[in-house]
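Undergrad: Start from chain A and add chain B according to the hints.
As given, the protein sequences belong to chains A and B, one line each in that order. Each residue of the first sequence is one higher than the one before, starting from 16 at the first, in my numbering. Each residue of the second sequence is one higher than the one before, starting from 4 at the first, in my numbering.
Calculated directly from the structure, the hints in this document are not laboratory data. Where hints are given, some of them may not hold.
Claimed, not checked - Now the in silico label distances, taken between C-beta atoms and shown as ranges:
{"hint": "1", "chain 1": "B", "residue 1": "74", "chain 2": "A", "residue 2": "39", "range": "44 to 50 Å"}
{"hint": "2", "chain 1": "B", "residue 1": "302", "chain 2": "A", "residue 2": "110", "range": "53 to 59 Å"}
{"hint": "3", "chain 1": "B", "residue 1": "143", "chain 2": "A", "residue 2": "39", "range": "29 to 35 Å"}
{"hint": "4", "chain 1": "B", "residue 1": "208", "chain 2": "A", "residue 2": "121", "range": "27 to 33 Å"}
{"hint": "5", "chain 1": "A", "residue 1": "148", "chain 2": "B", "residue 2": "386", "range": "50 to 56 Å"}
{"hint": "6", "chain 1": "A", "residue 1": "221", "chain 2": "B", "residue 2": "311", "range": "56 to 62 Å"}
{"hint": "7", "chain 1": "B", "residue 1": "305", "chain 2": "A", "residue 2": "37", "range": "53 to 59 Å"}
{"hint": "8", "chain 1": "A", "residue 1": "25", "chain 2": "B", "residue 2": "125", "range": "45 to 51 Å"}
{"hint": "9", "chain 1": "B", "residue 1": "63", "chain 2": "A", "residue 2": "195", "range": "47 to 53 Å"}
{"hint": "10", "chain 1": "B", "residue 1": "208", "chain 2": "A", "residue 2": "221", "range": "38 to 44 Å"}
{"hint": "11", "chain 1": "B", "residue 1": "381", "chain 2": "A", "residue 2": "312", "range": "32 to 38 Å"}
What the hints assert, rightly or not - Which residues of chain A face chain B? A few of them, derived with a C-beta cut under 10 Å, are:
{"hint": "12", "residue": "146"}
{"hint": "13", "residue": "158"}
{"hint": "14", "residue": "170"}
{"hint": "15", "residue": "173"}
{"hint": "16", "residue": "175"}
{"hint": "17", "residue": "177"}
{"hint": "18", "residue": "180"}
{"hint": "19", "residue": "181"}
{"hint": "20", "residue": "261"}
{"hint": "21", "residue": "301"}
{"hint": "22", "residue": "302"}
Claimed, not checked - List of simulated lysine-lysine pairs, DSSO-like, C-alpha gap at most 30 Å:
{"hint": "23", "chain 1": "B", "residue 1": "170", "chain 2": "B", "residue 2": "142"}
{"hint": "24", "chain 1": "B", "residue 1": "35", "chain 2": "B", "residue 2": "63"}
{"hint": "25", "chain 1": "A", "residue 1": "298", "chain 2": "B", "residue 2": "55"}
{"hint": "26", "chain 1": "B", "residue 1": "294", "chain 2": "B", "residue 2": "379"}
{"hint": "27", "chain 1": "A", "residue 1": "298", "chain 2": "B", "residue 2": "35"}
{"hint": "28", "chain 1": "B", "residue 1": "301", "chain 2": "B", "residue 2": "55"}
Predicted, not measured: the structure shown is a model, and the values here were computed from it. In this text, a Cβ means the ideal position worked out from N, Cα and C, and glycines have one as well.
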Amino acid sequence: MLNSLFQSRQFGLLVLALIIIVLPFGLQNDFHYDIAIQMGLIAATVVGLNLLVGFAGQISLGHAAFFGVGAYMSAILTGTYGWSPIPVLLFAAVVVGIIAFVVGRPILRLKGHYLSMATLAVGFIIYIIINNERRITGGPDGISVPSLSIFGAELNVFNDYQILGMTLSGTFLWYVLAGVLLLLAVWIAQNIIDSPIGRALRSVHGSEVAARVVGVDTARFKSLVFVISAVYASIMGSFYAHYTGFITPQIASFEHSIVLITMVVLGGMASTLGVILGVVVLKLLPQVLADFQELEMMMFGLILMLTMIFMPKGLLPTLQGLARKYLRKKPEEGV
Amino acid sequence: MSKKIFRRAGFLAATLAAGIFATSVQASDPIKIGSFLSATGPASFLGDPELKTLEMYVEKINADGGVLGRQLQLIHYDDAGDASQARNFASRLVRNDRVDIIIGGSTTGTTMSAAPLIEQARTPFISLAGAIVITEPVKPWVFKTPQSDRMAAERVLGDMQSRGITKVGLISDTGGFGSSGRTQTLEVAANYGIEILADETYGPSDTDMTAQLTRIRNAGVEAVFNFGFGQGPALVTRNYAQLGIDLPFYQSHGVASDRFLELAGTAAEGLRLPASPLLVPDSLDDADPQKAVVQNYKAEYEARWNTQVSTFGAYAYDGLMLAVMAIEQAGSTDREAVRSALENIQGYVGVTGIYNLSPEDHMGLTADSFRILEVKDGQWNLID
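Extracted from the complex, chain A is given alone in its bound form (with noise of 0.2 Å):
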């Protein structure tokens, strides 16, 4: 019974939701919030990632640039020109939506890694464009973002509301909002792994060939999921931009594209929780390690490596199999 509550996806946002509400009360100052908000945004992101990674079997190398768009456009279109900070949001994710489509839909009618080369291309031009254009962008030494902003009420994280009653400080507000985005993330990507468009995809991922026999449009399905894990990266940048309250090109470079997909492939491909637990690891490394000083970047190598190593399939999988042996093995022990 056990086992199938495992697999069951539903356990899986349930124990997401749990944990997201009992970590409070682990967290004992506005650091640790700021660092778990930030969990929550990226993690929301690796999940739309994990769909084209995991599912349908592609490689981005240039999400972290759909990110880096939708979060300049957001720190543009509300800084500079003083739109709204929502409409802002799903403006770019339209507009990265279409570029997606427009890079995508050629290439992914080819079999193979074509994506990824293509994907690296735009990144960089990308990249290269919002570090070179420093009268729209601020250039490489970034660009400050105002606060968001909900139907005309402003959302700061320093600041402190008045709700209900209660004084809520604008970080514990923020954390609430990151720990929604991410449920809903999770929710949206697991109705989509578990619609017909999932079916194909995975239908894809295993063999094309067969895919394409039975009557799967692949060029279709993959450029689908494509576009909706690009929007899922601008939606996030966006918010992540108004979060932090200043970027820099940094967040669109091939740098953050590949600390991306290590994230997915750490957690566990295609296992949505799998990939945040990613996400926290690879979060927290650097603060856990930071008193290593000189040696903190080889900990951090020998860590993944070992981890790839060991742990092949990622974090979550590999433990999930652990865990099952271990209760399978239990009434042996019993007898």
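TA: Just chain B, lined up with the frame of chain A:
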């Protein structure tokens, strides 16, 4: 067996969690100086000497009895030049470690992304980055020690003016330093009666700038000014010599190091740039109040680390000394008292220049603190 594994995993998780979440609230004897620098990564040529300087002088001050009878404790995190990392470490410094003052931010990007957080936490912050946006408009809690890029531009344009040059070609890199410098140069040129006839750029990793320099030469200019750092300016200098352009040539303070002379070789002969007196400690006039400070810092740094001193490390030296002065004047680590002491420091003689801060000016240097140097026989030569 598996039980054991689980227990071990649990233990490991608990240790990790303790490591992250331990908020060490001790008897709070030492004065906590927080710092985030780009000690590794692409900006390590800034962060590395800065960190070395901080470590060395915190040790020294502690050996001499500390400040206000309390020891200094340096809490440092390496942001590797990444602005979002810098922001997270600044968050950690003010919210978790609760430091008394922050000295850090090697680049403009890392400084600016951390500044809003530090402002909100009302912690004095001395940045070591160049761009003018850091202290203009003035942010109550943010200070900086290096001269702004605008001053470098002013100093160079002033020197051109005194040589009767009115038509100038500008070439800059598209990185943060070069593009900010370019903007400032274009803005202030008119004040010196100088016209920028050519405005060319190159990528930080380009290997040949002959095309841009040819266009500049053909524009009919009387002098050329290159704003950038890293290997780019050395290549521009070499190309300049290869093309046989026989016009006065200026570089920015971004290349003011002996390493640049090595890279550019004989091509650098005759070029001028604005720089810290740290490059020519022995040619300074004996009456110059900075002479002793500069010589001292150079000697101590080189003796301790056995490597050449860098002007960037000097920014950290000045930052730390300003912080110590402010804490001593405030008589406590009360943040508001330290902040207002910082902004009223007058006549502090540092390595970079003589600082006169005020509520309107959180940097406190004038353009004169740059010395104009000329390369002669492969050596720096003090002109002004």
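Undergrad: Take the hints in turn and mark each one as holding or not.
TA: Hints, one by one, checked against the model:
1. B:74 x A:39: 44 to 50 Å: Check failed, 36 Å falls outside 44 to 50 Å.
2. B:302 x A:110: 53 to 59 Å: Since residue 302 (chain B) and residue 110 (chain A) have Cβ atoms about 58 Å apart, the given range 53 to 59 Å holds.
3. B:143 x A:39: 29 to 35 Å: Since residue 143 (chain B) and residue 39 (chain A) have Cβ atoms about 31 Å apart, the given range 29 to 35 Å holds.
4. B:208 x A:121: 27 to 33 Å: 31 Å, holds
5. A:148 x B:386: 50 to 56 Å: Cβ of residue 148 (chain A) to Cβ of residue 386 (chain B): about 37 Å, so the range 50 to 56 Å is violated.
6. A:221 x B:311: 56 to 62 Å: 60 Å, holds
7. B:305 x A:37: 53 to 59 Å: Holds: the Cβ-Cβ distance is about 55 Å, inside 53 to 59 Å.
8. A:25 x B:125: 45 to 51 Å: Holds - the Cβ-Cβ distance for residue 25 (chain A) and residue 125 (chain B), about 46 Å, lies within 45 to 51 Å.
9. B:63 x A:195: 47 to 53 Å: 52 Å Cβ-Cβ, so the 47 to 53 Å window holds.
10. B:208 x A:221: 38 to 44 Å: 42 Å, holds
11. B:381 x A:312: 32 to 38 Å: Since residue 381 (chain B) and residue 312 (chain A) have Cβ atoms about 37 Å apart, the given range 32 to 38 Å holds.
12. 146: At about 7 Å, which falls below the 10 Å cut-off, the nearest Cβ of chain B leaves the hint on residue 146 (chain A) intact, so it holds.
13. 158: Since the shortest Cβ distance to chain B is 9 Å, the answer is holds.
14. 170: Hint on residue 170 (chain A): violated, closest Cβ of chain B at ~15 Å, above 10 Å.
15. 173: 5 Å, holds
16. 175: 12 Å, violated
17. 177: Violated. Min distance 19 Å.
18. 180: Since the shortest Cβ distance to chain B is 25 Å, the answer is violated.
19. 181: 21 Å, violated
20. 261: This hint holds: residue 261 (chain A) lies near chain B, its Cβ roughly 4 Å from the closest one there, short of 10 Å.
21. 301: Holds, because the Cβ-Cβ distance from residue 301 (chain A) to chain B comes to roughly 7 Å (cut-off 10 Å).
22. 302: 6 Å, holds
23. B:170 x B:142: 37 Å, violated
24. B:35 x B:63: 16 Å, holds
25. A:298 x B:55: 27 Å, holds
26. B:294 x B:379: 21 Å, holds
27. A:298 x B:35: Roughly 26 Å between the alpha carbons, so the hint for residue 298 (chain A) and residue 35 (chain B) holds.
28. B:301 x B:55: 13 Å, holds
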